[in-house]
Every structure is written in structure tokens, then in C-alpha cells.
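J.: These protein sequence lines map, in sequence, to chains H and C.
Heads up: the first sequence begins at 279 in the working numbering, then just goes up one per residue.
Heads up: the second sequence begins at 28 in the working numbering, then just goes up one per residue.
In case anyone wonders, no lab produced these hints; they're calculated from the structure.
For glycine and all other residues, C-beta sits at the position ideal for the given N, C-alpha and C.
Treat each hint with caution, since some may be false.
To be verified - Capping the alpha-carbon separation at 16 Å, the derived lysine to aspartate or glutamate pairs in EDC-like fashion look like this:
no. : chain 1 : residue 1 : chain 2 : residue 2
1   : H       : Lys608    : H       : Glu544
2   : C       : Lys256    : H       : Asp337
3   : C       : Lys256    : H       : Glu544
4   : C       : Lys256    : H       : Glu472
5   : H       : Lys359    : C       : Glu262
6   : C       : Lys268    : H       : Asp389
Claimed, not checked - One-sided and incomplete, this derived list gives chain H residues near chain C with beta-carbon spacing under 10 Å:
no. : residue
7   : Asn379
8   : Leu444
9   : Pro582
To be verified - Ranges of calculated distance between the beta carbons of each label pair, as one might list FRET restraints:
no. : chain 1 : residue 1 : chain 2 : residue 2 : range
10  : H       : Asp343    : C       : Phe221    : 44 to 50 Å
11  : H       : Lys609    : C       : Pro348    : 35 to 41 Å
12  : H       : Ala405    : C       : Arg272    : 51 to 57 Å
13  : H       : Glu406    : C       : Leu39     : 41 to 47 Å
The chain contents come next:
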Amino acid sequence: MTLLDIDGLKTYYGADDGWVRATDDASLSIERGETVGLVGESGSGKTTLAKSIIRLLPDNAEIVDGSIEFDGTEITELSDKELRRQIRWSEISMIPQNAMNGFDPVYTVGDQIVEVIRHHEDDTSKAEARERGRELFDDLGIDPDRIDDYPHQFSGGMAQRAMIALALALSPSLVLADEPTTALDVVIQDRILETIKEMQEELNSAMIMITHDMSVVSETCDRIAVVYGGRIVEIADAETIITNPRHPYTLGLRNAFPDISDDDQELISIPGTPPELVDPGEGCRFAPRCPFAEEECWEVTPQPESYGDGHQVECHRADEIEHLQAEAGKKETWREQDLGERKPAETVDEQAAEAEVELDD
Amino acid sequence: MGLRAYVVRRCLQLVVTFWAFFTLLFVLFRMMPGDPTSMFIMDGMTPEQREQRIAELGLNEPLHVQYIEYVRQLLTGDFGQSFIYNDPVTSIIAVRFMNTIVLMATALIFAYIIGITFGALMGWWRDSRFERGGIVVTLVARSSPEFWVGIVLLSVFVFWLGWFPSSGMRTTGGELGGGFVARYGSLDFLRHLFLPALTGAIAYLATPTLLMRSTMLDVLNADFIEIKKAEGLPERTVLYKHAARNSILPIVTVAAIATGTAMGGSVVIETVFNWPGMGREMVSAVNNNDYPLAMAAFFLMGSVVIIMNFVADLAYVYLDPRVEYE
Numbered sequence: 279m280t281l282l283d284i285d286g287l288k289t290y291y292g293a294d295d296g297w298v299r300a301t302d303d304a305s306l307s308i309e310r311g312e313t314v315g316l317v318g319e320s321g322s323g324k325t326t327l328a329k330s331i332i333r334l335l336p337d338n339a340e341i342v343d344g345s346i347e348f349d350g351t352e353i354t355e356l357s358d359k360e361l362r363r364q365i366r367w368s369e370i371s372m373i374p375q376n377a378m379n380g381f382d383p384v385y386t387v388g389d390q391i392v393e394v395i396r397h398h399e400d401d402t403s404k405a406e407a408r409e410r411g412r413e414l415f416d417d418l419g420i421d422p423d424r425i426d427d428y429p430h431q432f433s434g435g436m437a438q439r440a441m442i443a444l445a446l447a448l449s450p451s452l453v454l455a456d457e458p459t460t461a462l463d464v465v466i467q468d469r470i471l472e473t474i475k476e477m478q479e480e481l482n483s484a485m486i487m488i489t490h491d492m493s494v495v496s497e498t499c500d501r502i503a504v505v506y507g508g509r510i511v512e513i514a515d516a517e518t519i520i521t522n523p524r525h526p527y528t529l530g531l532r533n534a535f536p537d538i539s540d541d542d543q544e545l546i547s548i549p550g551t552p553p554e555l556v557d558p559g560e561g562c563r564f565a566p567r568c569p570f571a572e573e574e575c576w577e578v579t580p581q582p583e584s585y586g587d588g589h590q591v592e593c594h595r596a597d598e599i600e601h602l603q604a605e606a607g608k609k610e611t612w613r614e615q616d617l618g619e620r621k622p623a624e625t626v627d628e629q630a631a632e633a634e635v636e637l638d639d
Numbered sequence: 028m029g030l031r032a033y034v035v036r037r038c039l040q041l042v043v044t045f046w047a048f049f050t051l052l053f054v055l056f057r058m059m060p061g062d063p064t065s066m067f068i069m070d071g072m073t074p075e076q077r078e079q080r081i082a083e084l085g086l087n088e089p090l091h092v093q094y095i096e097y098v099r100q101l102l103t104g105d106f107g108q109s110f111i112y113n114d115p116v117t118s119i120i121a122v123r124f125m126n127t128i129v130l131m132a133t134a135l136i137f138a139y140i141i142g143i144t145f146g147a148l149m150g151w152w153r154d155s156r157f158e159r160g161g162i163v164v165t166l167v168a169r170s171s172p173e174f175w176v177g178i179v180l181l182s183v184f185v186f187w188l189g190w191f192p193s194s195g196m197r198t199t200g201g202e203l204g205g206g207f208v209a210r211y212g213s214l215d216f217l218r219h220l221f222l223p224a225l226t227g228a229i230a231y232l233a234t235p236t237l238l239m240r241s242t243m244l245d246v247l248n249a250d251f252i253e254i255k256k257a258e259g260l261p262e263r264t265v266l267y268k269h270a271a272r273n274s275i276l277p278i279v280t281v282a283a284i285a286t287g288t289a290m291g292g293s294v295v296i297e298t299v300f301n302w303p304g305m306g307r308e309m310v311s312a313v314n315n316n317d318y319p320l321a322m323a324a325f326f327l328m329g330s331v332v333i334i335m336n337f338v339a340d341l342a343y344v345y346l347d348p349r350v351e352y353e
């Protein structure tokens with residue numbers, strides 16, 4: 279059953295020189311209880327896409343087109359008040375990247391859990407809300423007595439658990455997790471991901487996991503959407519994205535992450551920088567960095583093509599899968615100096631290809 | 028370390044600070060240029076009279092004996108006799124000190140309540156017309172000298188509109204009531220208080236307003252503000268309960284320092300409005316070489332600063348759970 283259906287979403291930021299198209303024509307639907315990963319570089323628009331769902335955008339951002347239907351409700355048409363009462367936290371909650379900063383430092387964690395429960399449930403007494411907080415703490419493996427501690431008294435991993443407790447306090451149908459484990463060390467990271475999985479299954483909540491870490495998504499997500507330049511360039515089940523991707527960007531991303539079982543693997547980064555999103559014009563946004571770009575790629579924006587089983591790819595050359603996959607594994611394919619060579623003569627200009635792609639957020 | 032231990036330790040520090048302060052005061056007054064005796068012994072005295080006067084004041088004793096006597100007097104609240112009034116300093120100063128406190132506390136309370144509220148809203152409505160206008164008004168208030176603001180207020184409200192009395196603390200011939208409430212609670216007193224307190228409030232308004240605005244801008248960028256919005260809490264709750272509550276922390280320290288400055292800065296306002304307070308008394312005591320009175324005035328003003336800092340430290344512990352008691 280479809281819980282969330284995003285269709286043709288365009289979220290733009292007003293800038294001095296025009297609209298920054300942070301999310302441009304993105305479509306995505308999520309089933310109840312499903313976990314979908316949003317993977318992409320910094321500035322690819324994955325966070326904007328997720329925050330558009332609860333309209334938690336800065337003042338200069340605007341959802342200019344598209345629809346977000348959540349459980350039969352059109353979110354883009356709700357008033358602020360309806361959004362606060364019906365959607366935010368009670369139906370869709372979020373887990374931020376750094377939990378320590380996600381809590382107000384001057385109140386105890388318990389007070390903040392009680393605050394949100396009581397705000398959404400008029401009939402719940404303070405004592406009942408507190409008791410629920412203690413139970414959540416217990417479920418998440420934190421000593422319930424620590425509910426009266428202040429956020430700074432928690433360790434990083436424990437703060438993240440407490441944040442998960444806060445996010446699940448109202449049993450939401452959807453949780454937006456924005457790189458929930460980036461700030462933690464790998465061992466803790468694994469345990470937190472496991473905890474999130476368990477709790478999510480118990481509550482049958484769906485989740486959108488925003489990350490740049492392929493290993494995190496491959497472990498936790500049912501499906502993965504790869505985001506580039508504000509567009510979802512490839513989406514499929516996790517298995518397909520990891521083993522049989524069709525988009526050159528996904529292939530490149532895969533190269534940039536170490537495979538622990540392969541000793542000889544050489545990490546290959548994608549040359550160039552993420553695209554300028556102010557008025558990007560026609561053509562594939564990845565073309566300037568793509569080793570396989572042809573004339574058509576520069577001129578026509580690719581539309582999503584289906585490759586069966588929910589696998590959709592926005593690439594003109596996705597049909598030549600064997601060739602792409604074979605070439606993408608070679609280091610010389612991604613050489614920086616080759617950039618722009620395949621560009622049609624009339625559009626060649628000084629392509630900014632100075633910085634290597636950086637995958638931090 | 029527990030809260031109680033912290034408070035006890037902070038109290039001990041307070042005692043040490045006080046000791047250092049009044050000792051410094053003692054040394055300063057004895058290091059002033061010239062023979063200290065020449066400051067308060069009338070011309071035309073015979074040498075015998077002079078010797079007798081010095082002995083009366085205990086100034087022929089060795090320094091350490093004088094110091095012990097000085098500490099004993101402070102501890103018993105005895106500041107000696109004023110040379111000019113020939114009354115005990117304590118009785119002269121007690122009333123003036125209270126007059127200054129009432130005036131300055133009113134000014135500061137208004138300045139900080141208005142400043143914190145407006146500063147918070149200016150930060151919340153960033154880039155709005157309200158914020159831009161607010162900054163201009165605040166900077167004008169900050170740049171205007173107190174005496175000038177006082178004179179403008181006097182011209183408008185007293186000489187032109189005639190709404191308020193021009194000077195003093197009460198109408199001449201008015202009853203000097205006995206108790207605190209009778210003295211400072213009467214309508215007549217409040218009418219006299221209004222303009223000088225307003226002058227002070229205008230002068231002190233800028234600091235809390237601008238500080239509150241800039242800390243608000245920092246706090247609003249914090250992740251937890253976004254989470255509170257995502258929680259569906261109404262804007263009002265996010266603004267007051269979370270953003271403003273966090274932004275107020277640095278204001279506490281500044282308020283303590285401002286209180287000390289206000290005690291000294293009251294001289295100008297007291298002079299413009301002819302307010303019978305400590306600031307004016309201190310200036311005239313220094314001018315008249317009224318040594319015990321000046322010393323007592325300095326002592327009280329310094330004490331206000333020390334005590335306010337102490338209060339601010341304790342308030343901080345209550346307001347910010349992150350403060351380490353170390």
C-alpha cells in the first residue's frame with residue numbers, strides 16, 4: 279500500500295541570479311514499512327527532497343510544482359496549522375545528523391519527549407507521557423532513569439538513541455533519517471542502524487534514509503534512489519543498485535567506496551564538481567562529468583526509462599549496460615583530463631573540473 | 028562536584044574578592060598624592076590643633092593599626108564622620124544609595140525587558156522591516172549622550188507638555204514618609220521617577236537589544252530549532268521556549284556588568300534631573316575632599332558590582348545546565 283507518493287516535485291531556492299533548482303522534477307513513492315535510501319553527493323538535493331515532505335524549508339525555498347500525497351492527504355495544500363497538527367511528528371518525524379545538536383541543551387531529554395507527546399495528544403497526562411518516554415528508552419537500550427539527564431550528559435551514541443526515542447514517540451508512519459549515523463564511529467553506527475531497523479519493524483514505520491554512504495544504504499534499505507543535480511537519476515531495489523546499476527553516476531559512486539572483500543580494489547573518484555543548479559538548461563546534468571556522454575546527452579534531458587521490477591534510470595545510454603559496467607571499473611575511464619572531450623564543439627567552454635568530488639555533507 | 032559545593036566555594040570567593048577590594052581601596056586612598064592630612068585640615072590651624080585632629084582621626088597610628096581599625100569599621104557598617112556634614116557617613120549615604128538603586132533598577136529593568144523582547148523578535152524576523160528599523164532606533168539610542176536625552180525629554184515632557192515635574196524626587200513640601208513603600212511607592216514619587224528612569228532606560232537599551240538579536244541569529248541556526256519546528260510545535264513555543272530561552276544566557280553576564288556601570292553612570296542623570304542620589308554625592312564628596320564619604324561611596328558602588336557578578340554566576344548555573352561546577 280502506498281504511503282507517500284511524490285510526483286514531479288520541484289523545490290527551488292530563490293537566489294540573486296535566479297532559482298536554484300535543488301529538487302527538479304523528482305518522483306518517488308514509498309510503501310508502508312518500507313525503507314528507501316536517498317544517496318548522493320553534498321548539494322545533490324537529497325536533503326531538500328526529504329525536507330520538502332514536511333515542508334521544513336528555509337524562507338527562500340519554495341515548492342513550485344508537483345504533488346506530495348501522504349496517506350491520501352495532499353501536503354502541499356495544507357495550511358501551516360494543519361501541517362503542524364496532522365503531519366509533523368505525529369505522522370512524519372525526523373532524525374538529524376547530529377543528535378547532540380538536535381536536543382535543546384537547556385531542557386532534559388525527558389522534558390522534550392514529554393513536550394512533543396503532550397503537544398499532539400491533549401489527553402495524555404505529564405506522568406503518562408513520561409512513562410512512555412521511559413519505555414522507549416528501555417526499548418532502545420538506554421537506562422530509563424537517564425530520561426532526566428540533559429543532552430550534554432549523553433555520549434554520542436546514546437544521544438542518537440535518545441533522538442530515535444524522540445522520533446518514535448508518536449509512532450509515526452514515516453521517519454526521515456538524515457545521515458543518522460555519520461557522526462558516530464563504525465561499531466556504534468552498526469548497532470544504531472540495527473536498533474533503527476528493529477524499532478521500525480515493530481512500529482511498521484516507513485523510512486527515508488538520507489546518506490552518502492553506500493554501505494549504510496546497502497545494509498538497511500529495501501530500495502535505493504540515487505540523486506544527482508536535484509533529480510532521481512536511478513532507482514531500484516538495493517540489490518540491483520549495488521550489483522547491477524545502469525546509470526554511469528551510480529557506477530562511479532560504487533567505485534568510490536571500498537569493498538571490504540576485495541583486497542586489490544583501487545578506489546576511483548568521479549572527477550569534476552556537482553553541477554550548478556541555477557538555470558541548468560537542457561541536457562543530462564551528469565554529462566559534464568560523465569565519461570560516456572555523447573552529443574545527445576548534452577542536448578536532451580533524459581527521461582526515466584523502466585528496466586523492469588521498479589528499476590528506473592535517467593540515462594540515454596542505459597541500454598548499453600554491459601559496455602558501461604565493463605568500462606566503469608577501469609581507472610582510466612574516469613581520468614579528469616578527458617572531461618569535456620566528448621562535448622560537442624559548439625558548447626565547449628572552460629568546464630570547472632578542478633576539485634575532486636567530495637562525499638562529505 | 029555538586030551544586031552545593033559550588034555555591035559554597037563561590038561564596039568563599041566572594042569573601043576573598045571583597046577583602047581584596049576594600050584593601051585596595053584602603054591602599055589607594057593612602058597612596059593619593061600629597062600628605063593625606065592636608066586634604067581635610069583647615070588652613071589657619073595651629074600645629075597643636077593639627078596634631079590633635081590627626082590623633083582624633085587615628086592617622087598618627089602605624090599603617091597596620093589603621094588598617095585593622097578600617098576593617099573593624101567596615102564590618103560594623105561604620106564609615107566614620109563626614110567632614111562636610113559632620114554627620115555619620117552611614118546616615119547620609121543610606122538614603123542616597125537607596126535613591127540611586129531605585130532609579131537605576133527601574134531604568135535597567137525596563138531596558139532589559141524591552142531590549143530582550145525586541146532583540147528576540149528582531150532575530151526571529153530577520154531581514155524584515157522591523158529588524159532594520161529596530162537596528163536604526165537602537166543605534167540612535169545608543170549613540171545619544173545621556174545628558175542630551177535628558178534635556179530633550181525635559182524640554183518635551185516638562186517645559187512643553189507639562190506632564191511631569193522637572194527635577195528632584197518629590198514635590199517640595201511633600202511628606203517624607205517613613206517606610207519604604209510610603210517613600211518610593213507614592214504617585215508623586217513615581218511622577219518624579221519617570222523621566223530620569225526613561226533617560227536611563229534609553230541609554231541602557233542598546234546592549235541587551237543588539238546582543239539578544241545576534242545570539243538569536245546564532246541559536247536559530249542550531250539543529251534543535253529545526254527539530255522543534257519539525258515536531259509541529261507552534262512558532263510561539265519555538266520562539267520563546269526554545270530560541271529566546273537559549274539566547275538569554277549571555278545577557279545575564281552583561282546585565283551584571285551593566286548594573287555596575289549604571290551605578291557609576293548615574294552621576295549624569297542625577298545631575299540633569301537633580302536627583303538626590305549617590306552619584307552626585309560621590310562627585311561632591313571628591314570635590315570637597317570629604318574623604319570618609321567618598322570612600323564609603325566607592326565602597327558601596329564596588330560592592331554592587333561584586334555582588335551582581337556573584338548573582339549572575341549563580342543565575343547562570345540555574346539557567347544553563349551545561350555549566351560545569353569546576
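J.: Give a verdict on every hint.
T.: Verification of the hints:
1. H:Lys608 <-> H:Glu544: 9 Å, holds
2. C:Lys256 <-> H:Asp337: OK: Lys256 of chain C and Asp337 of chain H at ~13 Å, within 16 Å.
3. C:Lys256 <-> H:Glu544: Judged against 16 Å, a Cα distance of about 44 Å means the pair is violated.
4. C:Lys256 <-> H:Glu472: 27 Å, violated
5. H:Lys359 <-> C:Glu262: Measuring from Cα to Cα gives roughly 10 Å; hence the hint holds.
6. C:Lys268 <-> H:Asp389: With Cα atoms ~12 Å apart, Lys268 of chain C and Asp389 of chain H stay inside 16 Å; holds.
7. Asn379: Since the shortest Cβ distance to chain C is 4 Å, the answer is holds.
8. Leu444: Nearest chain C Cβ about 8 Å off; hint holds.
9. Pro582: 30 Å, violated
10. H:Asp343 <-> C:Phe221: 44 to 50 Å: About 58 Å separates the Cβ atoms of Asp343 of chain H and Phe221 of chain C, which means 44 to 50 Å is violated.
11. H:Lys609 <-> C:Pro348: 35 to 41 Å: 53 Å, violated
12. H:Ala405 <-> C:Arg272: 51 to 57 Å: 24 Å, violated
13. H:Glu406 <-> C:Leu39: 41 to 47 Å: With a Cβ separation near 45 Å, Glu406 of chain H and Leu39 of chain C satisfy 41 to 47 Å, so the hint holds.
Checked against the numbered hints given earlier, this structure breaks hints 3, 4, 9, 10, 11 and 12; the rest are met.
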